[in-house]
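I would like the entire structure built from these sequences, with the hints used as guidance.
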Amino acid sequence: MPVYNAALQQIDEKETRRYAGLARSEDFPAKLISEACLDVQSLAKPMGIYEIYPYQPEAAVIAADQPLALTGATVKKHLAGAEKIAVMAVTIGSELEQALAAHFAKGEYTAALLLDAAATTAVEMVADQLNELINQQAARQGYTTTWRFSPGYGNWDITAQAAIITLAGAEQIGISVTDTAMMSPRKSVSAVIGFIPRTSAVPQENKEKAKSCLNCTQTHCASRKE
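According to full-length UniProt numbering, the sequence shown is numbered sequentially starting from 1.
The set of hints was computed from the structure by calculation and includes no laboratory data. In this text, all values refer to a predicted model and were calculated from it rather than measured experimentally. Check each hint, because a few of them may be wrong.
Lysine to aspartate or glutamate pairs mimicking EDC-like chemistry, simulated, CA-CA at most 16 Å apart [unchecked claim]:
{"#": "1", "residue 1": "LYS84", "residue 2": "GLU51"}
{"#": "2", "residue 1": "LYS45", "residue 2": "GLU124"}
{"#": "3", "residue 1": "LYS14", "residue 2": "GLU35"}
{"#": "4", "residue 1": "LYS45", "residue 2": "ASP157"}
{"#": "5", "residue 1": "LYS77", "residue 2": "ASP157"}
{"#": "6", "residue 1": "LYS45", "residue 2": "GLU97"}
{"#": "7", "residue 1": "LYS84", "residue 2": "GLU97"}
{"#": "8", "residue 1": "LYS31", "residue 2": "GLU13"}
{"#": "9", "residue 1": "LYS76", "residue 2": "GLU58"}
{"#": "10", "residue 1": "LYS76", "residue 2": "ASP157"}
{"#": "11", "residue 1": "LYS31", "residue 2": "GLU51"}
{"#": "12", "residue 1": "LYS14", "residue 2": "ASP27"}
{"#": "13", "residue 1": "LYS14", "residue 2": "GLU95"}
{"#": "14", "residue 1": "LYS84", "residue 2": "GLU58"}
{"#": "15", "residue 1": "LYS45", "residue 2": "GLU95"}
{"#": "16", "residue 1": "LYS31", "residue 2": "ASP12"}
{"#": "17", "residue 1": "LYS77", "residue 2": "GLU51"}
{"#": "18", "residue 1": "LYS77", "residue 2": "GLU95"}
Take a look at the structure:
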């Protein structure tokens, strides 16, 4: 199970603003956004891990040593045609949670909100980096990839989280799952990525549309991308 040591050279301030629900608040001080991003950059311990397994699309089964049958029509549809599955997990560690708790204890709620948003941006950036690494590996093997799909998306039950974390080997980078199927550290991401033969691949423009806010019914979401 390859471990990926990620780098966060710069946290995306525009995305941080969006996750904070400030995308349309042009008057909000940019300095506060920048400070939150710098704090995350100094506190984050970004890591990722993944494993690739054969996949049986007709039965929707990840053919690991302990096979996992996927439930939920959305994830099955998402992985239709895949011959292999990459199961991945990333985290930016637990130090940020301590910093967030300190802000809340002092009543520094704006600072806490911005730090949380910057941390979300950071973990998604790490997920993007590992996703790209997996995409490159798939391309070398003659496959294209689906966009990543996480437990809790669509009607894929969040309780699948524990099994996905186990298949990814995420305990090696300090990720665990609570009794309520939440990951710890909280700023962690798990997902599956399908490897589809190039001859039957979904066009790239359709993939981009499918994973974008344009395909989401929550039209009034504060974090929605334009």
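Hints and how they fare:
1. Taken as a hint, the LYS84 and GLU51 pair is honoured in the structure, with Cα atoms around 10 Å apart against an allowance of 16 Å.
2. The straight-line distance between the Cα atoms of LYS45 and GLU124 is roughly 13 Å, inside the 16 Å bound, and the hint therefore holds.
3. For the given pair, LYS14 sits about 13 Å from GLU35 by alpha-carbon distance, which is consistent with the 16 Å threshold.
4. A C-alpha spacing of about 28 Å is found between LYS45 and ASP157, which places the hinted pair above 16 Å, so the restraint is violated.
5. At roughly 15 Å between alpha-carbon atoms, LYS77 and ASP157 fall within 16 Å of each other, so this suggested pair holds.
6. Distance hint between LYS45 and GLU97 is fulfilled; the C-alpha atoms sit about 12 Å from each other, no more than 16 Å.
7. A hinted pair counts as satisfied when its Cα atoms are at most 16 Å apart, and LYS84 with GLU97 does not qualify at roughly 35 Å.
8. Of the pairs offered as hints, the one joining LYS31 and GLU13 holds, with about 10 Å between alpha carbons and a cut-off of 16 Å not exceeded.
9. Of the pairs offered as hints, the one joining LYS76 and GLU58 holds, with about 9 Å between alpha carbons and a cut-off of 16 Å not exceeded.
10. Under the criterion of a C-alpha separation no larger than 16 Å, the hint pairing LYS76 with ASP157 is consistent with the structure, at around 12 Å.
11. Restraint check for LYS31 and GLU51: the C-alpha separation of about 40 Å exceeds 16 Å, so the hint is violated.
12. For the hint pairing LYS14 with ASP27, the CA-to-CA distance comes to about 14 Å; that is within 16 Å, so the pair holds.
13. The straight-line distance between the Cα atoms of LYS14 and GLU95 is roughly 23 Å, outside the 16 Å bound, and the hint therefore fails.
14. With a C-alpha separation of about 13 Å, the suggested pairing of LYS84 with GLU58 holds against the 16 Å cut-off.
15. Taking the CA atoms of LYS45 and GLU95, the gap is about 8 Å. The hint holds against a cut of 16 Å.
16. Between LYS31 and ASP12 the alpha-carbon distance is near 14 Å, which keeps this suggested pair within the 16 Å criterion.
17. Restraint check for LYS77 and GLU51: not satisfied, since their Cα atoms lie roughly 21 Å apart, outside the 16 Å limit.
18. Note on LYS77 and GLU95: the hinted pairing is violated, with a Cα-Cα distance of about 37 Å set against a maximum of 16 Å.
The structure fails hints 4, 7, 11, 13, 17 and 18 (numbered hints given earlier, in ascending order).
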